[in-house]
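Q: If you read the protein sequences in the order shown, they are chains U and V.
The numbering of the first sequence is this note's numbering, which starts it at 1 and goes up by one.
The numbering of the second sequence is this note's numbering, which starts it at 434 and goes up by one.
Among the clues, some could well be false.
What the hints assert, rightly or not - Pairs of lysine-lysine, DSS-like flavour, derived with a Cα cap of 25 Å: (1) U:K4 x V:K780; (2) V:K743 x U:K161; (3) V:K802 x V:K667; (4) V:K783 x U:K161; (5) U:K337 x V:K558; (6) V:K667 x U:K161.
To be verified - Negatives, chain U to chain V, calculated, CB over 10 Å: (7) P164; (8) R188; (9) E202; (10) K215; (11) F244; (12) I322; (13) T415.
Don't read these hints as lab results, they were simulated from the structure.
Note that the Cβ used here is the ideal one computed from N, Cα and C, for glycine as well.
Each chain, written out:
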Amino acid sequence: MDAKKELSLSRIVEEIVFYQPIIEILEQDPGEMGHLQLPILKSLVKQHKKVVECVENDLPFMASQYTNPVEILSAMDIPWYFHLQSMFAGSGTGGSLHIFEDLEAMDKLPLPTDCCTFLRLGLYYQSAGLYPVPSAYLALTEPCDGVSGFHSVFMNHPDWKNVPTFAPDPPYHNNDRAIGYYADEMRRMVDFITGQTGKMLEMDRLKEVVDETNKCYALWMEYNEIRRSTPTPHSYIMPMSMFFQSNSAGAGEPEKTIWYQDMVADAEMRVRENQPEVPDQKIRLLWYDLQPFYFGEIAPWLEQEWGAVVAMDMVSYCPYDIIDTSTEDSIFRGLAKRAFQHGPMIHQARGLADNVVNDITRIIKDYNMDCIIFPGHMGHKDMAASTSLMREVCRELGVPFLHIGMDQADQRYTTIDEIKDRISQFFTAMGLG
Amino acid sequence: METRIQSKAFQKFAETAATITTPETDVWKESGGKIIGYFCAAMPVELITAAGFLPFRLRGTGSTNTDLADIHFSSLNCTFPRHAFNLALEGKFDFIDGVVFFNSCDHIRRVYDHWIRRMDTPFVKILSLPKKAEHPQVEWFTEELAILRDQMQEHFGVEITDAKLREAIKLHNESRKLLRELYDLRRADNPPITGSESLAVTVASTAMPPELYNSLLRELLSDLKQADGISDHKARLMVLGGECDNPDYIKVIEDQGGLVVADSLCFGSRLLWKDVDETIDDPLAALAQYSVADRPSCARMFTEYQNRAKYVKEMITDFNVDGAIFERLTFCEIWGFEQLNLTNDFKDWKVPLICMDREYILSGVGQLKTRVQAFLETMGG
Ligand code: SF4
Ligand code: SF4
Numbered sequence: 001m002d003a004k005k006e007l008s009l010s011r012i013v014e015e016i017v018f019y020q021p022i023i024e025i026l027e028q029d030p031g032e033m034g035h036l037q038l039p040i041l042k043s044l045v046k047q048h049k050k051v052v053e054c055v056e057n058d059l060p061f062m063a064s065q066y067t068n069p070v071e072i073l074s075a076m077d078i079p080w081y082f083h084l085q086s087m088f089a090g091s092g093t094g095g096s097l098h099i100f101e102d103l104e105a106m107d108k109l110p111l112p113t114d115c116c117t118f119l120r121l122g123l124y125y126q127s128a129g130l131y132p133v134p135s136a137y138l139a140l141t142e143p144c145d146g147v148s149g150f151h152s153v154f155m156n157h158p159d160w161k162n163v164p165t166f167a168p169d170p171p172y173h174n175n176d177r178a179i180g181y182y183a184d185e186m187r188r189m190v191d192f193i194t195g196q197t198g199k200m201l202e203m204d205r206l207k208e209v210v211d212e213t214n215k216c217y218a219l220w221m222e223y224n225e226i227r228r229s230t231p232t233p234h235s236y237i238m239p240m241s242m243f244f245q246s247n248s249a250g251a252g253e254p255e256k257t258i259w260y261q262d263m264v265a266d267a268e269m270r271v272r273e274n275q276p277e278v279p280d281q282k283i284r285l286l287w288y289d290l291q292p293f294y295f296g297e298i299a300p301w302l303e304q305e306w307g308a309v310v311a312m313d314m315v316s317y318c319p320y321d322i323i324d325t326s327t328e329d330s331i332f333r334g335l336a337k338r339a340f341q342h343g344p345m346i347h348q349a350r351g352l353a354d355n356v357v358n359d360i361t362r363i364i365k366d367y368n369m370d371c372i373i374f375p376g377h378m379g380h381k382d383m384a385a386s387t388s389l390m391r392e393v394c395r396e397l398g399v400p401f402l403h404i405g406m407d408q409a410d411q412r413y414t415t416i417d418e419i420k421d422r423i424s425q426f427f428t429a430m431g432l433g
Numbered sequence: 434m435e436t437r438i439q440s441k442a443f444q445k446f447a448e449t450a451a452t453i454t455t456p457e458t459d460v461w462k463e464s465g466g467k468i469i470g471y472f473c474a475a476m477p478v479e480l481i482t483a484a485g486f487l488p489f490r491l492r493g494t495g496s497t498n499t500d501l502a503d504i505h506f507s508s509l510n511c512t513f514p515r516h517a518f519n520l521a522l523e524g525k526f527d528f529i530d531g532v533v534f535f536n537s538c539d540h541i542r543r544v545y546d547h548w549i550r551r552m553d554t555p556f557v558k559i560l561s562l563p564k565k566a567e568h569p570q571v572e573w574f575t576e577e578l579a580i581l582r583d584q585m586q587e588h589f590g591v592e593i594t595d596a597k598l599r600e601a602i603k604l605h606n607e608s609r610k611l612l613r614e615l616y617d618l619r620r621a622d623n624p625p626i627t628g629s630e631s632l633a634v635t636v637a638s639t640a641m642p643p644e645l646y647n648s649l650l651r652e653l654l655s656d657l658k659q660a661d662g663i664s665d666h667k668a669r670l671m672v673l674g675g676e677c678d679n680p681d682y683i684k685v686i687e688d689q690g691g692l693v694v695a696d697s698l699c700f701g702s703r704l705l706w707k708d709v710d711e712t713i714d715d716p717l718a719a720l721a722q723y724s725v726a727d728r729p730s731c732a733r734m735f736t737e738y739q740n741r742a743k744y745v746k747e748m749i750t751d752f753n754v755d756g757a758i759f760e761r762l763t764f765c766e767i768w769g770f771e772q773l774n775l776t777n778d779f780k781d782w783k784v785p786l787i788c789m790d791r792e793y794i795l796s797g798v799g800q801l802k803t804r805v806q807a808f809l810e811t812m813g814g
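The shape of chain U in the complex, shown without the other chains (with noise of 0.2 Å):
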């Protein structure tokens, strides 16, 4: 393998060192949460180590995104990598151990500052050769101008220039015909993926795939019910890997069904023998958008400090519909659907404000919320103009809300300090905890 395919699989390799001991160490001893955090460390390394198999053999391989459909990468049998998963893992998992020093690369790239620090890193580890080079790639233009800015940049970098790729493209609207036109997408994706593997899809397969992950998803959603229980059952890292189970590679893989009952499961159990995993909860909260690369140091501090717990978090809340698999027809559409609508980000800033504005009443009156924290990543600045809103809707109901204002992958923006300053002083100003 020559240094440059190398270099390009150093994180991925790393990951796999890092990984592997906690897996070994918990499948010996799982401890309380062990069992259901095992299957998502073994999951992650699978995928890496599939995507470092690809690479060494020359093995066809593809670079996607989360949102467009996992189900037909699966069913066509395509291994892939969805580049920007460290970074959006970075809050279960800290980040890469070099965050640091590549933020500080990343500050010498020609891009201005404001622009989102999830997408300025990716583009730093492009840069810096970071990323294997993929046969196809699949790129993404929603939810925000970030991300198609960011495709742009990366379609012309030296080493992917000629890599083909399909950019699916997101309507606006949310009707009949919107959701038609992003189904013929979907198949124009299909067509391309065949042309550039060979691989065709069979439908009967996609329907298997697309039945499994409808078991996920329902699982999901009952789930995210039973989070309205009051002491809410798990602290904030099981809740937030829901999304990455069904949203990464191997989705429809029968295990992550398992993965879904048994979360569920314990969630029942802990609310049925009033043993919730943080004890002594005082305040229910909203976490309103992504978490942060360094949420290991926030959530922990707002558990024990605070007795505050995040009841429902943006990511959590995203309403899949399950796909009727009766026709062809009826899974492109289904898969168009939760893919241009359903997922974290894309439901909430790819359209109209009118999601963010329904989400947050739902949520405050189902998950009975005693208040709201807006973080306000620097890169949402679509969500930024919809704060307004946010606030209005609050004020109705009657909720406290925080709108902080950081950086999600960056916590030189905003410390880590004076975030905690900002929500003790809002707790204690709102007569919570």
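For chain U, the structure is supplied; the task is to place chain V with the ligands on it using the hints.
A: Chain V with the ligands in isolation, oriented as in the chain U frame:
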């Protein structure tokens, strides 16, 4: 505006670019005419003209603060929509009878959300403009335009026939052709018009009845053909970027000794470089083809970067450009990421490029001057 151009027509354009309402818009309204506002350069204005209405591109011209808009927007939002929406909240756009939005960018699409909640403009629509330029996208946008046509017909009780659309296409193509003649004059060693004056002319094209505009533009072209050329410049510059409707911004650059001879701006060359194809049978399909695929793209069309780069490169050669200024409104991610692509390409082309962030209203002039002076010096100017 301060100018050496001896032309009544130019005065009219300069006045139009410097304000929101003009005597022409007043006359239009007084005679019962309707005015439809829009934000994005991709708007097929022909549809509005064919309805018998005046297309009017919304700007923030004359705005001095964003106090009212800031209740709805945050400090992370681009100042262009904040100023424009502030004017709307102040009632400065009360003369418009409708607004057509696109999902142009994260900021503008939220202006729509606030507009429908805070303003009582009778007709407000948002169209889904694709972000790539292939055939299915043209088809989608043709349908969007057909729906808009139906909605306009129903709401305003007008008929927008294919024949009227074809006429409107001809009329606006005529504006584009005349504007290209104006740009041709700027290719000369000593152009008779500055970049800032040229921007005033193009901005005026978005706020005037097109027949009147065309006749004034003919007059200006003939005046310019007799005018002296400008020879006291140190370098020939190109300005690149998104929304820039303020000739004074370009003037600050030119006052430092650089003459802006070319641009790739939303209110500049991208408005006029191509015509709507008059040979396509269905005029709505022709307009969609133009908006989505044929006109020089803005950075939101993310798969089109190679074509945009080609467009810029050709202009650099054709207009004999010595160096370029990339201007971006702070918090604009669409143009923010474009900056990296452009920086790399300009390096390859060995053409000097400077990237400058700015606010919508002219501010930080001292710093702007210093940076432009330093840039000109690096080019030996
Ligand atoms: S984190 Fe937000 S702003 Fe950044 S890419 Fe994702 S959706 Fe866009
Ligand atoms: S400059 Fe950028 S952010 Fe501002 S309105 Fe234009 S496209 Fe949107």
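Q: If a hint holds in the structure, say so; if it doesn't, say that too.
A: Hints, one by one, checked against the model:
1. Annotation: proposed proximity of K4 of chain U to K780 of chain V holds, straight-line Cα distance about 24 Å (limit 25 Å).
2. With a C-alpha separation of about 15 Å, the suggested pair K743 of chain V and K161 of chain U falls inside the 25 Å cut-off, and the hint holds.
3. About 15 Å separates the Cα atoms of K802 of chain V and K667 of chain V, which keeps this hinted pair within 25 Å; it holds.
4. Restraint check for K783 of chain V and K161 of chain U: the C-alpha separation of about 20 Å stays at or below 25 Å, so the hint holds.
5. For a cut-off of 25 Å, the pair hint linking K337 of chain U to K558 of chain V stands: about 23 Å separates their Cα positions.
6. Of the pairs offered as hints, the one joining K667 of chain V and K161 of chain U is violated, with about 37 Å between alpha carbons and a cut-off of 25 Å exceeded.
7. Listed as outside the interface, P164 of chain U is consistent with that label: its C-beta sits roughly 12 Å from the nearest C-beta of chain V, beyond the 10 Å cut-off.
8. Interface exclusion of R188 of chain U from chain V breaks down, the closest Cβ pair being 7 Å apart, not more than 10 Å.
9. Even its closest Cβ contact with chain V, about 25 Å, leaves E202 of chain U beyond 10 Å, as expected for a residue assigned away from the interface.
10. Every Cβ of chain V is farther than 10 Å from the Cβ of K215 of chain U; the closest lies at roughly 33 Å, confirming the non-interface assignment.
11. Under the 10 Å C-beta cut-off, the non-interface status given to F244 of chain U relative to chain V holds; the minimum distance is some 26 Å.
12. For I322 of chain U, the shortest C-beta to C-beta distance to chain V comes to about 26 Å, beyond the 10 Å cut-off, and the non-interface label holds.
13. With a least CB separation of 18 Å from chain V, T415 of chain U remains clear of the 10 Å interface cut-off, as annotated.
Violation of the numbered hints given earlier is confined to hints 6, 8; the remaining hints are satisfied by the structure.
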